[in-house]
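Construct the entire structure; sequences and hints are all you get.
According to the working numbering, the sequence shown holds residues 1 to 328 in order.
Hints may contain errors.
[What the hints assert, rightly or not] Pairs of lysine-lysine residues, derived as DSSO-like cross-links and limited to a Cα-Cα distance of at most 30 Å, are as follows:
no.	residue 1	residue 2
1	K287	K49
2	K219	K49
3	K108	K236
4	K236	K13
5	K219	K166
6	K261	K236
No wet-lab data here; the hints were simulated from the structure.
Owing to the predicted nature of the structure, the values given are computational and were not obtained by experimental measurement.
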Amino acid sequence: MASCFSYVSSRNKCYQYSFSRAGLRSSTSDLGDGTVFHCWIPLTHIHTKPTLLLLHGIGANAMWQWDRFIDRFIPRFNVYVPDLIFFGDSYTTRPDRSESFQATCVMKAMDAYGVRTMTVAGLSYGGFVAYSLAAQFKERVDRVVLICAGVALEEKDSEDGMFKVKSPEEAAAVLFPQSPSMLRRLLQLSFYKPPIWIPSCFAMDYIHVMCKDYLQERKELVEALHKGRRFANLPKITQPTLMIWGEEDQVFPVELAHRLKRYLGEDRAQLVLLKKTGHAINEEKPKEMYKHMKSFLCTDAMIPQNHQINAKRLMLANLISPDQQINK
1 MASCFSYVSS
11 RNKCYQYSFS
21 RAGLRSSTSD
31 LGDGTVFHCW
41 IPLTHIHTKP
51 TLLLLHGIGA
61 NAMWQWDRFI
71 DRFIPRFNVY
81 VPDLIFFGDS
91 YTTRPDRSES
101 FQATCVMKAM
111 DAYGVRTMTV
121 AGLSYGGFVA
131 YSLAAQFKER
141 VDRVVLICAG
151 VALEEKDSED
161 GMFKVKSPEE
171 AAAVLFPQSP
181 SMLRRLLQLS
191 FYKPPIWIPS
201 CFAMDYIHVM
211 CKDYLQERKE
221 LVEALHKGRR
231 FANLPKITQP
241 TLMIWGEEDQ
251 VFPVELAHRL
261 KRYLGEDRAQ
271 LVLLKKTGHA
281 INEEKPKEMY
291 KHMKSFLCTD
301 AMIPQNHQIN
311 AKRLMLANLI
321 SPDQQINK
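Here it is, written out as structure tokens:
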């Protein structure tokens, strides 16, 4: 008799519990025009804390990709973790597959939650959406973190042999595997040290739970990233930007990071390269990734002005240093 137990579904429920325990709740918004958007949002939005929006990459839903980090960020930020369109419980009947449309949907949802300004961090595909948010809504996004997000690519890079896969169609087939062999190939491309062995039963379980829904629409998302893309047409964002990249990234080679850093300028963008690390930084080097994000995000500039004023008043009253006060 075939077993009905699904490890991946059980893991998904564990992540739901983890997010709820951390102080987030599941919320679904109807954005109109056939678009429904799901997001994990704070139980209570605290106006004295800045807002951090965490955008996932292609693959598993947002919980799987950000679970290691939310406990660390929630004490300092109002944390919002959405499922992008065609992932998790977010979907649309509209035909638009651009990252610009994804960004517009994210901002409509944030409007519905009453969030005005935010810092945005994006993993891989989520970084494309984060960049588009920063370009489209300059006054709403104050800082940007891009993690292995090849926004500087252009269509001819595939023709020039930059990528391990030869076409957007092949990339989509790898990113949304439908067989254990394709899942193993995805892991080989994503990790510097991929898992040595993945049982076929587990691979099929993962594929059934994570890679069957909206398969055609997701393929169209990947194709939309590449088709007609020219680096010369990339808008130049003005927000302070941190890029975190694995030196051994085979999905978006590190040349794309250097290309974007030169484009944005040394005074606006900083690049951190992690040695012996592939594309899946959040899985391979979560501690290092968090360390660099914290260093970039948790500065006086990120603390709301009224909170800084209160801290300074308390500092004078108690004769303690600003660092001591802010850490309390």
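Checked hints:
A C-alpha spacing of about 23 Å is found between K287 and K49, which places the hinted pair at or below 30 Å, so the restraint holds. A distance of roughly 38 Å separates the Cα atoms of K219 and K49; the hinted pair therefore is violated under the 30 Å criterion. The suggested pairing of K108 with K236 holds, with an alpha-carbon distance near 23 Å, which does not exceed 30 Å. Taking the CA atoms of K236 and K13, the gap is about 40 Å. The hint is violated against a cut of 30 Å.
Straight-line distance between C-alpha atoms of K219 and K166 comes to about 15 Å, which keeps the hinted pair within the 30 Å bound. For the hint linking K261 to K236, the alpha-carbon distance of about 11 Å falls within 30 Å, and the restraint holds.
When each numbered hint is compared with the structure, violations occur for hints 2 and 4.
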